[in-house]
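These protein sequence lines map, in sequence, to chains G and R.
With UniProt numbering applied, the first sequence corresponds to residues 1 to 454, in that order.
With UniProt numbering applied, the second sequence corresponds to residues 1 to 882, in that order.
Since the hints were made in silico from the structure, they are not lab data.
Hints may be right or wrong, so weigh each one.
[As the list claims (entries may be wrong)] Part of the chain G face toward chain R, derived, beta carbon under 7 Å: (1) Met269; (2) Val374; (3) Gly377.
[What the hints assert, rightly or not] Simulated DEER-style distance windows between Cβ atoms: (4) Gly301/R <-> Pro119/G: 54 to 62 Å; (5) Tyr122/G <-> Lys310/R: 43 to 51 Å; (6) Gln7/G <-> Phe510/R: 41 to 49 Å; (7) Asp417/G <-> Thr431/R: 36 to 44 Å.
What you are looking at is a predicted structure, and each value in this text was computed from that prediction instead of being measured.
Beta carbons are placed, not taken as given, at the ideal position from N, Cα and C, and that holds for glycine.
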Amino acid sequence: FYLTPPQVNSILKANEYSFKVPEFDGKNVSSVLGFDSNQLPANAPIEDRRSAATCLQTRGMLLGVFDGHAGCACAQAVSERLFYYIAVSLLPHETLLEIENAVESGRALLPILQWHKHPNDYFSKEASKLYFNSLRTYWQELIDLNSGETTDVREALINAFKRLDNDISLEAQVGDPNSFLNYLVLRVAFSGATACVAHVDGIDLHIANTGDSRAMLGVQEEDGSWSAVNLSYDHNAQNEREVERVKMEHPKSEERSLVKQDRLLGLLMPFRAFGDVKFKWSIELQKRVIESGPDQLNDNEYTKFIPPNYYTPPYLTAEPEVIHHKLRPQDKFLVLATDGLWETMHRQDVARIVGEYLTGVHHQQPIAVGGYKVTLGQMHGLLTERRARISSVFEDQNAATHLIRHAVGNNEFGTVDHERLSKMLSLPEELARMYRDDITIIVVQFNSHVIGAY
Amino acid sequence: AATMFLRLLSDIQWRAAHPKWRRMSGSQRSSSTTAEPHPVALPAQAQVVICGGGVTGTSVAYHLSKMGWKDIVLLEQGRLAAGTTRFCAGIVSTARPVSVELRMAHYSNKLYQQLEQETGVQTGYVKTGSISLAQTQDRLISLKRIASSLNVMGIPCEIISPKKVLQLHPLINIHDLVGAMYVPEDALVSSANVSLALATAASRNGVQIHERTCVSHVTIQKGRVTGVETDRGRIQCEYFVNCAGQWAYELGHSGEEPVHIPLHACEHFYLLTHPLKDPLSSSLPTVVDPDGRIYIRNWQGGILSGGFEKNPKPLFTEGRNQLEIQNLQEDWDHFAPLLSALLRRMPGLESLQIMQLVNCPESFTPDMRCIMGESPTARGYFVLAGMNSAGISYGGGAGKYLAEWIVNGYPSENVWPLDLKRFGTLQSSRTFLRHRVMEVMPLMYDLKVPRWDFQTGRQLRTSPLYDRLDAQGARWMEKHGFERVKYFVPPGSDLLDLDHSKTFYKPDWFDIVGAEVKCCKEAVCVIDMSSFTKFEISSTGDQALESLQYLFSNDLDVPVGHVVHTGMLNEKGGYENDCSIARLSKRSFFMISPTDQQVHCWAWLKNRLPDDNNLVLEDVTWKYTALNLIGPRAVDVLSELSYAPMTAEHFPSLFCKEMSVGYANGIRVMSITHTGEPGFVLYIPIEYALHVYNEVMNMGQKYGIRNAGYYALRSLRIEKFFAFWGQDLDAFTTPMECGREFQVKLDKGVEFLGQEVLLEQKQNGVYKRFTMFILEDHDTDTDLWPWWGEPIFRNGRYVGKTTSSAYSYTLERHVCLGFVHHFDEKTGEELVVTTDFINQGEYEIDIAGQRFQAKAKLYPFSSLFTQRRRKDEVELSGYQRE
């Protein structure tokens with residue numbers, strides 16, 4: 001059976017979200033115009049997560065995609081917590097003190113982040129207290145450390161990633177008297193998640209990546225064509241440097257068993273990840289935690305299973321690789337996406353599809369003559385061109401949705417084939433995962449005028 | 001707009017000498033001067049308060065003051081001429097299809113021409129002429145029709161060849177043109193300055209003008225205007241004139257008793273350019289290219305070009321009341337098709353530099369005609385608004401008519417096509433207006449062929465039989481929101497083909513309607529006529545009869561059960577309404593009037609019936625479904641269904657009786673058909689409608705019954721020389737002028753409205769006569785069909801216009817109805833029209849410039865009468881012998 005185009009659209013658009021950075025006095029001073037994001041599940045429930053927030057106590061905007069595995073618990077926790085860790089890492093000493101004092105005296109806390117969430121993006125209420133306490137411990141330590149130096153974004157990102165992963169690990173070891181929470185922290189620790197996070201502040205773009213999600217910059221060349229620039233490296237077996245790094249960290253005797261069938265210890269696709277304590281803890285620690293843990297954990301074969309050739313843990317780290325990029329006027333957009341997209345599409349196609357989509361949208365924005373010298377003929381030419389573009393009907397209002405439509409529905413000619421799209425979207429749950437992975441995409445659009453003025 | 005701004009400032013000197021006109025540009029100067037001049041206090045009372053300082057408001061003030069009324073206050077919420085008027089393209093164009101609109105535009109043109117001399121205010125008046133282009137033959141036909149009507153009014157106008165177009169305007173690409181119409185006296189003005197000039201003259205005549213004064217609402221007590229509440233206090237007044245332009249709708253709704261003024265704003269775009277290398281002459285004609293949907297005028301050496309696009313953008317549906325029209329956003333993509341049309345028409349303009357794309361909202365009305373007149377519910381509440389982007393063309397004339405209306409109680413022309421009372425509350429829904437104006441705006445330049453209908457805002461009022469009729473192939477048209485059947489497409493007909501029935505020539509429903517007419521003549525047809533306005537007037541005593549005897553010209557003191565055709569005449573003997581009244585009992589009457597009389601007739605009666613609780617007027621239009629059974633076998637169908645004898649002896653013509661039809665009781669059966677054919681109209685309480693219809697159709701089968709529509713009705717009534725109100729009859733037509741003296745009882749012993757004029761006419765004769773014309777050398781298959789408004793020529797001289805036409809399937813000829821005047825050959829003075837004058841002439845009808853011989857008749861063909869003579873026909877023939 002076939003899905004009708006409206007049915008296809010309702011599936012594709014179910015999770016779409018757009019945010020436009022508000023303009024002040026008619027002028028948008030942010031280098032970010034806004035972003036579009038969307039997710040298409042293959043797993044049920046979806047194991048991907050996404051986050052977006054504006055830092056309120058420092059400048060900048062945070063955007064991230066998180067690809068969970070062995071469940072969604074870790075991806076969920078990271079999507080909720082990581083930005084707080086990053087924001088706190090970026091805070092100056094005085095602000096940290098102010099926040100701590102506010103907590104101490106029970107005063108209202110300065111808001112740190114303004115979230116931009118789709119209604120389906122949820123935060124777990126039950127764990128908020130626990131998460132908060134961990135975060136507070138972190139900033140208390142930062143206060144005590146008081147290096148006095150201005151915070152470096154790269155360092156802040158690395159510290160935040162590592163600290164959060166550490167806290168996840170610690171919370172699982174300590175446990176919680178509340179049995180629900182206790183089980184939750186264990187599920188978080190025993191599942192895993194990759195993270196690809198962008199921090200944009202003016203023309204400074206930092207990408208912190210852990211795992212095999214990817215950040216890609218869309219660049220418009222002078223001739224109007226589109227090219228893609230990778231702003232992250234995949235941490236998987238295809239990345240030789242990453243394979244080298246893993247091998248360096250373990251004795252030569254393990255060289256053959258470290259990477260098997262393109263997987264870490266023959267099991268894990270990403271070579272870096274949050275959670276996944278099975279690849280981080282010692283065997284003793286794993287056994288102890290599982291034995292003292294709730295029955296559900298004991299009954300789970302996966303958690304009890306110890307990876308083969310497990311001699312010198314940890315084998316896995318959450319430490320991100322950070323790439324700093326100074327935005328240029330030709331840098332029009334950034335795509336953050338989980339591997340579900342990159343498996344099906346080449347980055348060059350992604351750059352072209354998004355680029356053409358965004359300029360199409362651009363051209364639908366009104367033009368004003370203003371004080372320019374324009375002749376009737378020039379205007380006529382311009383309008384004719386715009387109409388030609390509009391008539392190639394973009395049914396999507398969201399660049400991420402548009403990209404998913406292509407990723408799932410593209411035929412061999414690179415155009416969306418409704419029949420194919422319909423088939424792919426109507427696959428039964430148990431089959432869907434065999435044909436495609438969860439896809440999560442954030443497309444950030446930059447403001448070239450602002451960037452050019454820097 | 002910048003130059004207009006400067007001109008506004010240049011008027012300050014004059015204003016200083018006229019303190020009544022307070023700080024015209026005060027706010028503009030306040031940026032440079034320290035304090036704004038103290039506003040002059042509003043008067044506590046005035047005879048007339050006008051709201052709106054655009055061209056319409058100032059024109060009304062101007063004309064009122066010219067007519068000697070002095071106690072007038074004009075209020076403007078912002079500055080004078082700052083609304084749509086300021087942005088108006090300033091084209092004065094007389095080429096209008098509706099006669100009264102044409103007259104208004106013609107008058108405006110003359111007025112503006114001398115306004116600068118009269119007032120000393122520069123109006124920028126330049127007589128440039130205008131050229132309307134035709135890209136198709138059909139367009140050329142429509143231009144020729146307009147040219148005919150302009151010519152007979154003495155307005156120079158000619159149809160010219162594309163070559164001549166090029167001589168008049170060197171920039172025009174003529175390759176795709178088939179012809180054009182040239183109106184050499186059309187003009188350009190600065191519309192803002194015209195308003196200022198009108199305001200200046202009005203002010204000199206004593207009109208007080210207050211700017212920056214906002215009317216919040218109008219107070220109405222006992223159905224009369226008592227005053228105006230403004231943000232600067234209250235003014236008591238007798239008359240209020242709503243000239244608030246696109247805010248007129250909201251202002252009408254702001255009071256406790258709403259006055260419904262159905263109009264809605266749409267964005268309207270036009271382009272201004274820098275001057276050409278060789279700046280365009282300011283006398284270059286304005287170009288209208290309706291097929292390209294654009295107009296182009298010269299503007300300060302460059303051009304101004306706008307148009308009426310296919311996909312208009314309505315705005316302010318929610319009623320955002322901003323003080324003045326701010327510069328709305330330019331929308332080039334929206335303007336793109338018009339720009340293409342412009343460059344196609346004038347390719348040489350490619351390199352011309354753009355100055356600005358102006359976005360100025362214009363208000364549009366549901367039928368593309370402006371709105372003027374008095375509110376049906378609030379006496380003294382007058383309106384002039386909804387100019388459909390022709391405010392400057394109509395402003396002068398419309399202001400004059402409205403001023404006459406206020407001062408004299410009636411304007412000097414028939415303005416029914418523009419009367420506010422043609423609308424009711426049903427056209428006042430915001431959704432309806434939004435949808436309708438989206439259709440109306442493109443229609444400004446669409447080709448309008450005979451019998452075009454609006455497509456939006458439909459299926460609002462319907463008969464309970466709507467679905468039944470629709471399923472049987474009914475094709476619908478709309479009147480006053482009511483769906484009425486045009487004709488029924490027989491099963492198996494090619495439907496697609498029928499949608500192409502819109503042509504100036506023989507339409508493809510010709511045979512379909514012919515079959516319906518034939519059935520009416522030979523068997524029996526059913527026409528759903530539920531849309532007709534139906535009132536009941538009853539009283540405890542003789543009040544109803546007494547009042548009606550005064551308000552109607554025929555004698556209504558007839559035996560119970562009789563139906564009387566009568567005019568509802570005004571003081572001048574003119575038809576305010578033409579109706580059929582049945583005397584249901586001694587003290588109650590049932591009155592049938594045309595569909596669009598619902599508001600007008602109600603207001604007319606309400607305003608004239610005595611204020612007496614024992615006299616009740618009720619609108620029962622919605623209570624009854626009306627089925628018109630036309631044809632010789634109607635009597636058989638009805639007698640079989642009612643088991644009652646329906647023959648002439650038992651049920652004479654012009655008779656009304658409540659009886660049972662099928663199972664349903666209380667059906668009001670009247671022996672009239674509105675066509676001159678035998679038959680009956682059944683007024684059926686709506687819950688019985690379906691039952692009675694089904695019974696009639698079942699029983700009628702053996703008599704060959706079929707459904708019919710209004711086109712068949714029209715053909716029948718026109719060949720019978722039956723005049724219809726709103727089409728042939730208006731407030732300027734008396735019964736004497738249309739051969740209906742038999743419907744006037746001058747000697748009924750009771751004084752009635754219009755009696756004196758009719759008596760006078762009876763003695764001295766009439767100045768126009770309703771005449772029937774049979775086209776002689778007209779080929780129905782190949783010649784252009786007449787519509788209405790065609791000039792009539794007698795012995796080669798113009799004598800009047802047709803008012804309606806139809807093909808008579810009986811005569812196998814076209815029949816036109818119209819009025820013949822007798823203009824003195826030398827002076828043009830109107831002379832008495834005698835029967836001899838009518839009979840002793842050679843007539844021609846001008847259809848789009850082509851003249852067809854016609855035979856004039858003052859009475860219908862007696863051979864067409866059916867075997868059974870009816871009361872009014874007997875009287876009619878008696879009248880003919882006089």
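Give me the numbers of the hints this structure contradicts, sorted from smallest to largest.
1
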